[in-house]
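Protein chains: 2
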Amino acid sequence: MERFLSCDWGTSRFRLRLIQATDLHVLASVTHDKGIAETFRLWKEQRGKSIRREEFYANALRDAVDELEQKSGALLNDVPIVISGMASSTIGLMELPYKTLPFQLDGSDLYAEALYTETLNNRLILVSGVRTDRDVMRGEETKVVGCAPLLEHTEKEQLLILPGTHPKHVWIKGNQATAFETYMTGEFFDLLSVQSMLSDSVEAGADFQDPANQACFCEGVDASQTSDLLHAAFMVRTNQLLKQIPKTRNFYYLSGVLIGAELRGICANTPVYLVGAPKHSHLYERALNELGVPIVKIIDADTALISGQRLIFSALRT
Amino acid sequence: MERFLSCDWGTSRFRLRLIQATDLHVLASVTHDKGIAETFRLWKEQRGKSIRREEFYANALRDAVDELEQKSGALLNDVPIVISGMASSTIGLMELPYKTLPFQLDGSDLYAEALYTETLNNRLILVSGVRTDRDVMRGEETKVVGCAPLLEHTEKEQLLILPGTHPKHVWIKGNQATAFETYMTGEFFDLLSVQSMLSDSVEAGADFQDPANQACFCEGVDASQTSDLLHAAFMVRTNQLLKQIPKTRNFYYLSGVLIGAELRGICANTPVYLVGAPKHSHLYERALNELGVPIVKIIDADTALISGQRLIFSALRT
Numbered sequence: 001m002e003r004f005l006s007c008d009w010g011t012s013r014f015r016l017r018l019i020q021a022t023d024l025h026v027l028a029s030v031t032h033d034k035g036i037a038e039t040f041r042l043w044k045e046q047r048g049k050s051i052r053r054e055e056f057y058a059n060a061l062r063d064a065v066d067e068l069e070q071k072s073g074a075l076l077n078d079v080p081i082v083i084s085g086m087a088s089s090t091i092g093l094m095e096l097p098y099k100t101l102p103f104q105l106d107g108s109d110l111y112a113e114a115l116y117t118e119t120l121n122n123r124l125i126l127v128s129g130v131r132t133d134r135d136v137m138r139g140e141e142t143k144v145v146g147c148a149p150l151l152e153h154t155e156k157e158q159l160l161i162l163p164g165t166h167p168k169h170v171w172i173k174g175n176q177a178t179a180f181e182t183y184m185t186g187e188f189f190d191l192l193s194v195q196s197m198l199s200d201s202v203e204a205g206a207d208f209q210d211p212a213n214q215a216c217f218c219e220g221v222d223a224s225q226t227s228d229l230l231h232a233a234f235m236v237r238t239n240q241l242l243k244q245i246p247k248t249r250n251f252y253y254l255s256g257v258l259i260g261a262e263l264r265g266i267c268a269n270t271p272v273y274l275v276g277a278p279k280h281s282h283l284y285e286r287a288l289n290e291l292g293v294p295i296v297k298i299i300d301a302d303t304a305l306i307s308g309q310r311l312i313f314s315a316l317r318t
Numbered sequence: 001m002e003r004f005l006s007c008d009w010g011t012s013r014f015r016l017r018l019i020q021a022t023d024l025h026v027l028a029s030v031t032h033d034k035g036i037a038e039t040f041r042l043w044k045e046q047r048g049k050s051i052r053r054e055e056f057y058a059n060a061l062r063d064a065v066d067e068l069e070q071k072s073g074a075l076l077n078d079v080p081i082v083i084s085g086m087a088s089s090t091i092g093l094m095e096l097p098y099k100t101l102p103f104q105l106d107g108s109d110l111y112a113e114a115l116y117t118e119t120l121n122n123r124l125i126l127v128s129g130v131r132t133d134r135d136v137m138r139g140e141e142t143k144v145v146g147c148a149p150l151l152e153h154t155e156k157e158q159l160l161i162l163p164g165t166h167p168k169h170v171w172i173k174g175n176q177a178t179a180f181e182t183y184m185t186g187e188f189f190d191l192l193s194v195q196s197m198l199s200d201s202v203e204a205g206a207d208f209q210d211p212a213n214q215a216c217f218c219e220g221v222d223a224s225q226t227s228d229l230l231h232a233a234f235m236v237r238t239n240q241l242l243k244q245i246p247k248t249r250n251f252y253y254l255s256g257v258l259i260g261a262e263l264r265g266i267c268a269n270t271p272v273y274l275v276g277a278p279k280h281s282h283l284y285e286r287a288l289n290e291l292g293v294p295i296v297k298i299i300d301a302d303t304a305l306i307s308g309q310r311l312i313f314s315a316l317r318t
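Chains as they are written, first to last, in the UniProt record's numbering: chain F, 1 to 318; chain H, 1 to 318.
Just so you know, nobody snuck in bad clues.
Non-contacting residues of chain F with respect to chain H, defined by C-beta distances greater than 10 angstroms in every case (computed):
no., residue
1, 20
2, 26
3, 31
4, 32
5, 35
6, 45
7, 69
8, 103
9, 104
10, 152
11, 164
12, 209
13, 212
14, 270
15, 280
16, 282
Listed below are the simulated PhoX-like cross-link pairs for lysine-lysine, each with C-alpha atoms no more than 25 angstroms apart in a straight line:
no., chain 1, residue 1, chain 2, residue 2
17, H, 99, H, 156
18, H, 297, H, 279
19, F, 243, H, 99
20, F, 247, H, 44
21, H, 173, H, 99
22, F, 99, H, 243
23, F, 247, F, 279
24, F, 44, F, 34
25, F, 44, H, 247
26, F, 297, F, 173
27, F, 99, F, 156
28, H, 173, H, 297
No wet-lab data here; the hints were simulated from the structure.
Even glycine gets a Cβ: it sits at the ideal position worked out from N, Cα and C.
Use the sequences and the hints to build the structure in full.
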């Protein structure tokens, strides 16, 4: 395999990238906001025309492949597409069952299904999610596989933190992912900063590199260690009302309160890996630092995803 | 004073009641949803006509007094109106400064201002809120004063819990309220059950008296004691996805998670008073029971408000 198409089809976002397999270089990419939820909605609207769900989703994929062909100038006929994320869910292209934890870090025992459609010449490799008795994820398992080659060789338990709308904490032991937990940090932040009574007290846009903003962020992190979130969040309001803290700075206080609450239980001598986009990693790095938790390594989440997709695809072929 | 008008003017709701002062009997009432936020918005729209804020709010009050006159058949000219809540805030009828804690439980050192307007013949008594270095409330201080005659005589610290959109925990020692904290429990519940990804997993309307719903509520309370709220809330999703828990029952799980998180820090040997409307008191009573915290007394929040207004009014006159 010289090249493959990496598809990240989440609830609200779609991304397709042409990858050079040898060095994982991104040759071209297409991004839009027709995520799985929107695609499912559009398919339900069309159902009167009795188009099969699989074909409807394949049409959406084909449009993106066409666009990528134009962008890259490459012929993408026959190039396999590896798909991670919500595409394997109940509202996705085809529902695949979750793999139950533990799973092997080399991706060899994850559920992945290879399929062909009438619409596309490309082979599709659909990667399913994983579950425990009480938790689920789809997409992050691929990133975990992509991180595996970068982890230290130790029999000690290691923790991968994957920030996002619904961050995951994934525990690794030996060659397996043994446990994970989902947090609603990013969604809470969006709800509170835009829809709640706190929205009058925060304003986006200020630079996190400004030391005053970082200090406010750290105050939020500290507050979350001693107060319950339901109380600590209200301080975002009183910061503005009683202390005249500017809204742009208070924005980072709220962020600190939420990220601090998420990270509260982490033991300082657990080896922690941060797997995120730079915008998240900066915040989480600062928060972990404030809490005295050393970070072994920061891994770019995009790189981890692409690397994981290649590894899962390789495991599938052998 | 034989009668007075009790006005509860909150952010999103208005209520005016004619009270028989001797026994606090409610003779008639008017309720609508022109809360302080809406009234402030309407006043800003009218500002071109340069009507003074005080008069604009007094007009709104006069309309309600007129309606109450018709309902009750009583002449309400000259009957004093005691107003608690957001009417004394920056967006209220007239901004009054917060009283800084501690405050006397008999209401004698709260800020209350008596005023007359051109629009109304009624004297207005506007009660201000209270603050600490880090927290504020407007309205609950009046309820606390109303509860005071019902508390046990003890030098031990006592805790009043006032559920609502933004519940308050108020600590009492001797004849003073010495500390309080605001929680965002009710607002979090509304945001999560209506606007978040959890909204697909919950449905309002089931009877809390159903033992299955109470059991689910208690599971939520228990989950909140060992898990962070950001994680425990996600179980509302997996309850439905992995355990097929009905949405109407899961609604109470979410409620249990949030109320449990609010009550987590309460020590079992602190004397606790619950000051709420029945719909809240039932839930909080069950949660405190699940946590092994005995309740000294349940006090109706409405009764406490009216009683507090009478006491503050009396203290003002002497």
